[in-house]
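Here the structure of chain A is known, so what remains is to put chain B in place on it, guided by the hints.
Chains as they are written, first to last, in UniProt numbering: chain A, 1 to 873; chain B, 1 to 420.
No lab work stands behind these hints: they were computed from the structure. Please note that the accuracy of each hint is not assured.
Subject to a maximum C-alpha distance of 30 Å in a straight line, what follows is the list of computed DSBU-like cross-link-like pairs (lysine-lysine) [what the hints assert, rightly or not]:
no., chain 1, residue 1, chain 2, residue 2
1, B, Lys264, A, Lys832
2, A, Lys601, A, Lys686
3, B, Lys294, A, Lys857
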Amino acid sequence: MAMEITQALLAAQSPDTQTRTAAEASLKQFQEQNLPQFLLSLSVELSNDQKPPESRRLAGIILKNSLDAKDSARKEYLTQQWVSVDPSIKFQIKESLLRTLGSSVAEARHTSSQVIAKVASIEIPRKEWQDLIGKLLGNATQTFAPGFLKQATLETLGYVCEEVAPQDLEQDQVNAILTAVVQGMTSAEPNSDVRLAAIRALYNALDFAQQNFENPVERNFIMKVVCETAVSKESAEIRQAAFECFVAIASIYYDYLEPYMQTLFNLTAEAVRGDEEQVALQAIEFWSTLAEEEMERQDDCVALDELNSPVLHFHFIDKALESLVPMLLETLLKQEEDQDQDDTVWNLSMAGGTCLGLVSKTVGDKVVPLVMPFVERNIAKADWHSREAATFAFGSILEGPSVEKLSPLARSGFEFLLSAMKDQNSHVRDTTAWTLGRLFELVHRPASGDPIVNEKNLPGIMTVLLESIRDVPNVAEKVCGALYFLAQGYEDAGPASKALTPYYESVIAALLSTADRVDVSNVRLRASAYETLNEVVRCSYAPETLNTTAQLLQEIIRRVIQTVELQVVSSDDKEKQSDLQALLCGVLQVIIQKLGSSEGKSVILQAADQMMMVFLRVFGCRSSTVHEEAMLAIGALAYVTGADFAKYMSEFYRFLEMGLTNFEEYQVCSISVGVVGDICRALDDKILPYCDGIMTILLKDLSNAMLNRSVKPPIFSCFGDIALALGEKFDKYLPYAAPMMQSASEMCMHLDTTDDDMVEYINQMRRGIFEAYSGMLQGFKNSNSEIMIPYARSLVQFIEAVFKDNSSDDLVTKAAVAALGDVADALGGDVKVLLANTSFYNELLSECLLSEDYTLKETAEWAHTLIQHALQS
Amino acid sequence: MAPPPDHRRPIKRAAISDQQRRREVALRLQADRRSDAQNRARQLASSVLSLGPEPETEPEVEPEQEMSDASGQLAGRTDLDPVRAARLRGPEVRRWFARQLMLPEWMVDVPPSLDRDWYVLPRPSGKRCFVVSSNGTTISRLRNGSILHRFPSNLPNGARTKDVSGPASSYSILDCIFHEPDETYYVIDMVCWRGYSLYDCTAEFRFFWLNSKLSETGASDPPSQYHRYRFNVVQIYECNLAGLQASYSGQVPYVKDGLLFFNKHAHYQAGNTPLALVWKDNVCSQYVLDTDSKGQIPSQQQVVLELQNDGNLTTSDDPPVALGSLSRDLIAQSGLRVGNLVRVAIRDDYMRLVDGKLDLGKLQLVGKTNHSRAFADTYSKVLFQHAARHAPLRIEDLVASIQSISSTDKSQASDVEMEG
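If we strip away everything but chain A, and leave its shape as in the complex, we get (with noise of 0.2 Å):
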C-alpha cells in the first residue's frame, strides 16, 4: 500500500470526476480497515522528500483532519481514536513528523509543524510525549543546524503553544521556551526567517509566561528583545509581529507596563507616523488595547470597590493624552479615495478613527479640547481629505465625554453639519451623515430641559435629512441611521415625541421608497430603510400617529403578499425572497407591538385575520423550515388577539411543530418555544387540545444532544407557562416533566463552575427550573395542590443547592426565593414538613432582605410572609 498511496492521493486530486471519486474510495477504504496503517503511511508520505509536493499537502490534509474537527463532538471522537492505536506506530508517526522538520520543501515543514501541534494538543494534557519540547529545542539550539530547520522547530513550538493550555506544560519547559525563542529573536541570528519564526512563537507562547513577567529581570529582558525587533531593519513583517506582542502583552501584562510605557510610546509614535501600514496599524492597536484594557479595569475598580481588592490603574491613556492624540488626528488624514464605498475598511484613518473613539471613552471630557482646535482648522479647507479628517473627528469623540461637554459644540455644529450634507465630495457627505447619526445617538436628549434638537432647528433637519436619503447608497445608509437614533431619542419620552408627528408620514414615504431603490450597489441599504421604519414606528406618539401606521399596516401587508407572489427560480431568489420576507415581518411585529398596546388594539384586531394568512403564506414558502421573524411577529400578535387566537391554532400548529423541531437554526426552536408561552398567556386551557404534541416535542428537544444547549432554559419555563395556563389539566404531564426538571437540577449541581460561560448557562437552567415549578404551584393551587408534594421536596433541595452554590446571580436568586413563597403558597401547612430539620431558607431570606436589589428584596418580604403564614397555619 505504501508504494499505491501516492498515486491515490495524487488520483484524489485529479480533475476527472470518475477517477478522483474511485481514489477517494480507496482512501476511504484504507482508512477504515487499517486506521493506524493509514495514518503512518501518510507521515511517511509528508516526510519523503522523493515524493510529490501534491501527494505530500494532501496527506497532511487527511492527517490533520484526522485529529481535529471544529465541531466538538467530532473532535472528541478523533481524540478517542488516536489514543487508541498503537503506541508504536503513534511512535513512528510521530518521528516522522519531527523527521519532515528537517526538509528541504517550505511546505512539508509548515504542514508537519502544523500536525506537529494537534498531536501535541490530544497527548500534552495526558501528560504523553514529554519529550517533544526537548527534541524541538534541541534542534532549535543546535549551533550549526541549517535555518529552515531552526525556523520550521521555532513555528512548531508556536503551533504548540497555541494549540495546548499553559497549565499543560511545566514551568521548566516554559522556560527552555522562551529562551530559545528569544534567542532566536536577537540581532545575534542571521537568518531574517528564523528571527520572524521566533517572534512569531513568542507571540504564542506569551500566555505561558506569566511567572517569567513576574521576574524584574526576566520581564526587562523579554521586553528589550521585543523592543529591538521592533526596530529590526530586516522587513516590515517582522515589526508588524513585534507590535503584535506589545498588543498582547498590554492586555496579559498591563500590571508591568508602567516601566517600559515612555519607551512603547516613542515606538508606536514612530511607527504610526513612519513605518508601513501594515506596522502602523498595529502599533495605533497597542493604544486601542490599552484605551481598552484601561476602561474594563475602570468598571473593575467601581464594581470591587467594597472588596477592598486593589485593581492596578495606571491611567495610561489619560498620561499619554496631549502627544497621543495629535498622533491619531494625523492618521485621519491618510484616507484612501473610494473608502466611503466600504465600511469595514481598515486603514490608518479608520483604525484611527476607531482608537480616538476607545480614548474618549476612557478619558471623557479632557479629549474635547485636544480635538476640537483640529476640527475648526481642518473643516473647512479645500482639500476634502481635511474637512472630512474633521468631521469623521468630531464624530468619534461624541461617545465619552458628558453630554453638558459636547451640547455646546452640537448645538453651534449643527448648521455647519447640515451645509455639508451638500458638501460637493461623497465622503464628506457620508462622514457628515454618520456624525449626525452619532449626535443624535449620543448627544440628543429630548427628555432634558434643553435638548440639542428643538422646535426651532427640527425642521431644517428634516428637511436635510429628507433630501440627503436619495443620496448615493452609501450616504443614503448614513442618513437611514440618522433617523433611526433621532427617533429613538422620543422613545418613552411621552408628549415629547410629538415633535416628530408632523414628519411621520414624509418619513415613512421616504423610507418606503428609499427601500425600493434600484440603485442599491450598497446591499445594507433596504435593510437599513426599513430597520429605521422601526425604530420611527416604536418611537412615535401614538395617539397621533394611529391611523398613519394603520396605513403603513396594510401597505407592508401588500408588500408580504408581494413578496410570496414573486417568481422564485435560483437558490439566490429564494435567500433575496426569504430576506426581504424577514424585514417586513418584522415591521409587522413592531406594528403590533405598538398599536396593540395602545388605543390602536382595535386596528390590530380588525387585520389580524389578513396578517395571519399572511404569515402562512410566508412559512409556505419553505418547505423545511420556518420563518423566525413571522414566529417573532405571531407571538406579538397572539398576545393582543388573546382568547381569540385559537381560531388559528388548528392552521398554524404545524408551523409551530415545525419551528419546535428545528434544531439546526437554534435561534428558530428558541423562538419558537417562547411563541408557546405567548400562546399559552392568550389562550389558557384552550391551548389544552395541542399540548400533547407540544409536550412531546419539548421533553424530546430537552434529551436531544444535537440542540444547542442555549434552547433549554427556555423550555423549563415554558413548561412553567403550560402548566399556569392549565391549572390542574397539567396533571398528565406531571410524571413527565417533574423528572426532566429533577434531573437537570441534579445536573447542575455537577457542572464545571470555573467557566463563566457554563456559569452563565447554568444559572439560566436555574431560572428556567425555577420558573418551570412556580408555574406549575401557581396551576395547581386552588384545585390539586397535594399532586405537588411528591415534588416540593426536591424543589426545596434544589433551592438549598443554589443557595449554598455562591455561584448564582440574583435573577436566580430572585427565581428560587419566589419559588419558595410559591411553595407555602399553594401548600399550605404541608410546607411544615419540608421545612423541618432546615433553616437555610431563613438565612436565604433574610440575606435577600439585605440585598440593595429591591425586588429582590421585596420578593423575599412576600415570601417570608406566605411561609410565617403556612407555618403558624
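Okay, now just chain B, sitting in the frame of chain A:
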C-alpha cells in the same frame, strides 16, 4: 488592505442590528408577561388596572362621609380571584372593585388595649379611592369603581419616563383620600408595592413600608409635568395619649374628618372590618351627623337601608342585619323594588335594644336615595349616628380608656421587674 483584527469593530460600521433588538424586545416582553402571569396567580391584586374599559360618564360622587362609610353588601369575600377579575367588564368591574377597599367600622365603644395594639391618624376629608400605578400610568378609582383621575405620577411605573427600575408591568396600589382643596392624594394605606402584595401583611408592616418606600419615589414632590398630583403620607401615631392628642387637636394641612384607628396586627382585609375604626366629634370633623339628600341635618335620624324581597330593610353588613320592615302596601304604593336603597327616618322613642339587637321600631319612609349611592348603611354606622345624637362616645372616654390601660400596664410591668 487587510480586514481589521477579529475583535476590533471599525467605528464607522453601523452598530445597530434591529433584528437583534426585535429579538431582545420580544424576549423581554415574554419575560415580563410571564412574571405578570405568575404574579397574577400569586394573587397580587395586579389585575386592577386591566379591568376593562372605563365607564363613559363619571357617576356623581357623594361627599366623603358617605363614601367612606363602612358598608357594602358585596363586601366580605376576601378570597378574590384576580385572574378572573381581570376579565370582568362594565358594571362587574365596579362591583369587583368596590369589594377591594378595607372599610372601617364606626367606633361605638372603645376596643381594649387601644394604646398597645392600635394606631390613630387624623383622617383627611375627601374622596376615598384606590390609586394604581403601572405601565407608565396612574389611575385612581373611587369606591364605586369609577375612574377619578388618570395621570402621570412619580409612583413606581406611574409615568412614561425613561427612569424605570424594575419591570414596567409591576403594579403599586395605594389606599388614598383625594383632598380637593389642595389637590393632594393623602395616602392612608399601602396595598401593593412594585408588584408585591401587602394584603397579608400586618398594618404595622404596611405603615412601615409605606413610610420608607413612598419617600424613595419622589411621589411627595410638588406637581410637575410627569407628576400631576402630590402624594402625602398622613402622619400615623401610636394610639397613646400623646398620639391621640396630636391627631385629635394637632394642626394638619388638610380638612380633618374624624380619626381613623388601625389595629397593628390586622391584615389588609377587603370589606368591613372591626380592626379598623372611624370615630369623630364636632371638634375634629365638620360632618358628625349625617345630612339628608338636601345636605341638611334632619331633625330625626335617617338611615339608608336595602329592601329585601321579604319586605325587610337591611344594612350592608355581611350577613345583612334587618332593622325593620315595610308593609307590602307601602312597597307597592311607593313603586319600590327589591334591592332599592331607601332612606328612612327613625323615631327615637321607638328605637330600642332587644336581646342585644337594635330594633328601630316603626320606620318612616323618606324616599329612594341618590342614584349614585351604591351601598346601604352599616349596623355600626346606625349605632354611631344614634349615639351621636343622644349619648356620644366622647374624646374623654377615649382618653380615659387609654389612661386605665396604661396604669394596668405599669403595674404589670413593675411586677415582672421585681420578679426578675
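Verification of the supplied hints:
1. B:Lys264 x A:Lys832: 27 Å, holds
2. A:Lys601 x A:Lys686: Since the Cα atoms of Lys601 of chain A and Lys686 of chain A sit roughly 22 Å apart, the hinted pair holds (cutoff 30 Å).
3. B:Lys294 x A:Lys857: Outside the cut-off at roughly 52 Å; violated.
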